[in-house]
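Take a look at the letters that make up each chain.
There are 2 protein chains.
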Amino acid sequence: MKINGQHYRTIWLAQDGWRVVVIDQTRLPFRFETVALGSAEQAAGAIRSMVVRGAPLIGATAAYGVALAVRVDASDAALAAALDLLGATRPTAVNLHWALSRMRRVLSGLPVEMRAEAAYAEAAAICDEDVALCHAIGEYGLPLIREIAARKPAGQPVNILTHCNAGWIATVDWGTALAPIYMAHDAGIPVHVWVDETRPRNQGAALTAYELGGHGVPHTVIVDNAGGHLMQHGQVDMVIVGTDRTTANGDVANKIGTYLKALAAHDNGVPFYVALPSPTIDWSIRDGLRDIPIEERAAREVTHLSGLAEDGEVRSVRVVAPGSAAANPAFDVTPARLVTGLITERGVCAASATGLATLFPDMANKAA
Amino acid sequence: MKINGQHYRTIWLAQDGWRVVVIDQTRLPFRFETVALGSAEQAAGAIRSMVVRGAPLIGATAAYGVALAVRVDASDAALAAALDLLGATRPTAVNLHWALSRMRRVLSGLPVEMRAEAAYAEAAAICDEDVALCHAIGEYGLPLIREIAARKPAGQPVNILTHCNAGWIATVDWGTALAPIYMAHDAGIPVHVWVDETRPRNQGAALTAYELGGHGVPHTVIVDNAGGHLMQHGQVDMVIVGTDRTTANGDVANKIGTYLKALAAHDNGVPFYVALPSPTIDWSIRDGLRDIPIEERAAREVTHLSGLAEDGEVRSVRVVAPGSAAANPAFDVTPARLVTGLITERGVCAASATGLATLFPDMANKAA
Numbered sequence: 011m012k013i014n015g016q017h018y019r020t021i022w023l024a025q026d027g028w029r030v031v032v033i034d035q036t037r038l039p040f041r042f043e044t045v046a047l048g049s050a051e052q053a054a055g056a057i058r059s060m061v062v063r064g065a066p067l068i069g070a071t072a073a074y075g076v077a078l079a080v081r082v083d084a085s086d087a088a089l090a091a092a093l094d095l096l097g098a099t100r101p102t103a104v105n106l107h108w109a110l111s112r113m114r115r116v117l118s119g120l121p122v123e124m125r126a127e128a129a130y131a132e133a134a135a136i137c138d139e140d141v142a143l144c145h146a147i148g149e150y151g152l153p154l155i156r157e158i159a160a161r162k163p164a165g166q167p168v169n170i171l172t173h174c175n176a177g178w179i180a181t182v183d184w185g186t187a188l189a190p191i192y193m194a195h196d197a198g199i200p201v202h203v204w205v206d207e208t209r210p211r212n213q214g215a216a217l218t219a220y221e222l223g224g225h226g227v228p229h230t231v232i233v234d235n236a237g238g239h240l241m242q243h244g245q246v247d248m249v250i251v252g253t254d255r256t257t258a259n260g261d262v263a264n265k266i267g268t269y270l271k272a273l274a275a276h277d278n279g280v281p282f283y284v285a286l287p288s289p290t291i292d293w294s295i296r297d298g299l300r301d302i303p304i305e306e307r308a309a310r311e312v313t314h315l316s317g318l319a320e321d322g323e324v325r326s327v328r329v330v331a332p333g334s335a336a337a338n339p340a341f342d343v344t345p346a347r348l349v350t351g352l353i354t355e356r357g358v359c360a361a362s363a364t365g366l367a368t369l370f371p372d373m374a375n376k377a378a
Numbered sequence: 011m012k013i014n015g016q017h018y019r020t021i022w023l024a025q026d027g028w029r030v031v032v033i034d035q036t037r038l039p040f041r042f043e044t045v046a047l048g049s050a051e052q053a054a055g056a057i058r059s060m061v062v063r064g065a066p067l068i069g070a071t072a073a074y075g076v077a078l079a080v081r082v083d084a085s086d087a088a089l090a091a092a093l094d095l096l097g098a099t100r101p102t103a104v105n106l107h108w109a110l111s112r113m114r115r116v117l118s119g120l121p122v123e124m125r126a127e128a129a130y131a132e133a134a135a136i137c138d139e140d141v142a143l144c145h146a147i148g149e150y151g152l153p154l155i156r157e158i159a160a161r162k163p164a165g166q167p168v169n170i171l172t173h174c175n176a177g178w179i180a181t182v183d184w185g186t187a188l189a190p191i192y193m194a195h196d197a198g199i200p201v202h203v204w205v206d207e208t209r210p211r212n213q214g215a216a217l218t219a220y221e222l223g224g225h226g227v228p229h230t231v232i233v234d235n236a237g238g239h240l241m242q243h244g245q246v247d248m249v250i251v252g253t254d255r256t257t258a259n260g261d262v263a264n265k266i267g268t269y270l271k272a273l274a275a276h277d278n279g280v281p282f283y284v285a286l287p288s289p290t291i292d293w294s295i296r297d298g299l300r301d302i303p304i305e306e307r308a309a310r311e312v313t314h315l316s317g318l319a320e321d322g323e324v325r326s327v328r329v330v331a332p333g334s335a336a337a338n339p340a341f342d343v344t345p346a347r348l349v350t351g352l353i354t355e356r357g358v359c360a361a362s363a364t365g366l367a368t369l370f371p372d373m374a375n376k377a378a
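For the protein sequence lines, the chains are W and C, in the order given.
Counting in the working numbering, the first sequence runs from 11 upward without gaps.
Counting in the working numbering, the second sequence runs from 11 upward without gaps.
Any given hint might turn out to be false.
Said to hold, decoys possible - Some, not all, of what chain W presents toward chain C, calculated at C-beta under 8 Å:
1. His229
2. Val233
3. Val312
What the hints assert, rightly or not - Below, computed lysine to any residue pairings styled on SDA-like, alpha-carbon distance capped at 20 Å:
4. Lys12(W) <-> Val45(W)
5. Lys12(W) <-> Gly333(C)
6. Lys162(W) <-> Pro281(W)
7. Lys12(C) <-> Pro332(W)
8. Lys376(W) <-> Gly365(W)
9. Lys376(C) <-> His107(C)
10. Lys12(W) <-> Pro332(C)
11. Lys162(W) <-> Asp196(W)
12. Lys12(W) <-> Thr36(W)
Source of the hints: derived by calculation from the structure; they are not laboratory data.
Ideal Cβ placement from N, Cα and C applies to all residues, glycine included.
Using the sequences provided together with the hints, build the complete structure.
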């Protein structure tokens with residue numbers, strides 16, 4: 011999508027043909043800076059420190075991280091070390107492990123001297139496929155928005171609430187939850203997005219607002235506390251969020267606080283959709299609440315917060331009373347019973363084993 | 011309660027015997043500063059700008075604001091003007107209007123020359139009564155905590171989640187939601203409080219954490235998004251919150267986001283209590299969702315946030331992407347069906363017309 015009128019993806023090869031360039035998302039929305047990653051260690055660091063974030067983009071970055079490793083040393087031992095290093099960066103996003111498994115599968119069968127070129131090709135393929143997946147998600151989600159628009163008085167926008175950032179900068183392009191919204195906007199359907207701030211890291215206020223603004227989509231930022239109230243008063247027509255991992259039963263792990271919005275949507279009859287590319291599905295587990303590991307991040311993400319100070323510098327300020335401890339679980343699990351439907355690259359289905367098996371019989375059977 | 015070992019109330023007369031001193035809560039937790047209010051205009055300004063906040067303390071400050079007005083001019087016209095001025099400061103808290111009605115009732119029947127002294131006496135009585143009410147709430151809430159403690163393995167703390175600040179600094183002393191917690195802690199019952207940050211103004215992270223820390227009560231600050239996840243994993247034994255207005259049916263207006271926690275508590279079988287002094291009950295309305303006006307505050311409270319910068323200054327930083335709009339509804343309404351019980355100065359009752367009428371037959375009958 012576009013930034014200042016120029017089209018970008020979130021990850022691309024540098025002009026030198028081997029380093030991997032990403033947008034430093036910890037600097038957005040106040041600074042647009044790119045970082046060139048020159049090693050698997052740097053790729054792992056970028057994932058860990060959330061220079062890149064968003065399940066699909068994490069997967070793509072990890073794939074390129076493997077390419078950066080085997081470029082230097084393509085031995086089995088070096089490949090295994092790179093896979094371990096990159097696999098240990100973030101515990102919740104399943105795309106990470108999906109992308110690394112795919113790299114291992116492709117590379118381990120090849121002679122050492124062919125691995126570097128194959129790794130770059132495979133990482134590029136993962137990126138291109140992600141764009142295609144997100145585009146398809148957008149096309150399948152678009153009719154859901156169109157239907158609501160058709161029921162509203164002409165010109166009244168469809169009010170869509172989203173949590174965190176599942177936009178194009180969380181993927182390689184288009185996004186997951188935001189793809190249908192971009193397509194609706196581009197198709198001339200009036201949409202307005204309620205953007206959850208998404209504490210503690212404010213990906214909504216910082217990133218979703220940034221990219222919606224960049225594309226000209228009307229939106230309003232709200233604190234995470236506000237969505238239930240808006241739903242009680244008929245000001246939300248639908249919710250669309252992304253996910254970091256979805257179980258074979260349709261339970262959905264997503265940014266902390268998603269579960270609360272799903273409860274409010276359920277209580278107020280507001281449709282609650284989750285947009286996901288199929289690599290986000292973990293076919294090996296069913297009970298998300300029991301089996302999806304939830305990352306506990308540093309307390310400082312809660313106690314401190316950074317933003318643009320009046321002197322034009324991005325500054326960190328402490329917001330919690332000195333001496334008080336903080337806890338920081340990064341994700342929660344929304345049970346399938348609260349999800350109206352899953353928007354995938356193959357269509358929309360019920361959040362259930364049956365629903366998923368209908369769209370993905372190949373994968374569901376293999377897992378069963 | 012205590013700050014640095016010294017006992018404070020939140021509002022008291024200055025040594026000059028007529029000005030009214032309050033703690034500037036917009037400066038907490040990083041600065042402890044007091045402000046002397048010398049006129050009704052200054053009292054109204056302190057309420058409006060949230061130098062004082064919390065429904066009971068707003069009522070007490072408004073009462074003293076009337077005293078400050080009639081001290082200068084005790085005519086009917088001046089009294090009416092002061093009541094209007096103070097009544098227009100905040101739309102949601104019912105204590106404000108309760109306190110002002112009481113002042114009007116007492117003063118309008120008196121000769122002009124007796125009004126100033128009577129106004130100060132009545133404002134002081136309102137403060138003393140608030141302390142007594144909060145103390146009684148604490149005593150009625152304490153057994154609820156004790157019962158949960160008795161069911162837990164010895165030494166394991168009762169985990170109590172609270173939202174916003176309904177502690178002693180929201181009242182004149184003791185607090186509402188926190189009164190039972192202070193009493194449990196003082197009684198040697200191990201308690202641990204999950205403190206919701208409470209965006210956008212962070213009263214939890216700043217004020218609740220500050221006062222719990224000051225009193226030595228173990229607590230952990232979490233973002234508003236986290237409570238549902240903690241409840242799903244059995245880490246919350248009960249929720250206690252305050253309220254700005256409760257309807258005759260038991261619907262509860264409280265800080266934005268309370269409704270989301272009530273939904274999560276309901277979904278996970280966690281008891282959800284609301285602590286309130288009876289002046290917070292609005293006997294004139296039943297349907298809180300329809301009839302309680304919800305204050306919409308400035309967008310800047312969402313887009314900007316202040317905290318302690320590394321240079322030791324309290325600084326404001328922008329956290330929302332430049333150019334993006336923000337909305338800021340300040341309260342939401344939790345329907346009575348989600349409330350396990352109301353903790354009042356006369357005991358604990360069901361959140362229903364019947365429950366309230368049992369404890370407050372005098373007031374309920376008058377309203378009916």
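Results of checking the hints against the structure:
no. : hint                    : verdict
1   : His229                  : holds (6 Å)
2   : Val233                  : holds (4 Å)
3   : Val312                  : holds (6 Å)
4   : Lys12(W) <-> Val45(W)   : holds (18 Å)
5   : Lys12(W) <-> Gly333(C)  : holds (16 Å)
6   : Lys162(W) <-> Pro281(W) : holds (15 Å)
7   : Lys12(C) <-> Pro332(W)  : holds (16 Å)
8   : Lys376(W) <-> Gly365(W) : holds (16 Å)
9   : Lys376(C) <-> His107(C) : holds (17 Å)
10  : Lys12(W) <-> Pro332(C)  : holds (16 Å)
11  : Lys162(W) <-> Asp196(W) : holds (19 Å)
12  : Lys12(W) <-> Thr36(W)   : holds (19 Å)
Checked against the numbered hints given earlier, the structure satisfies every one of them.
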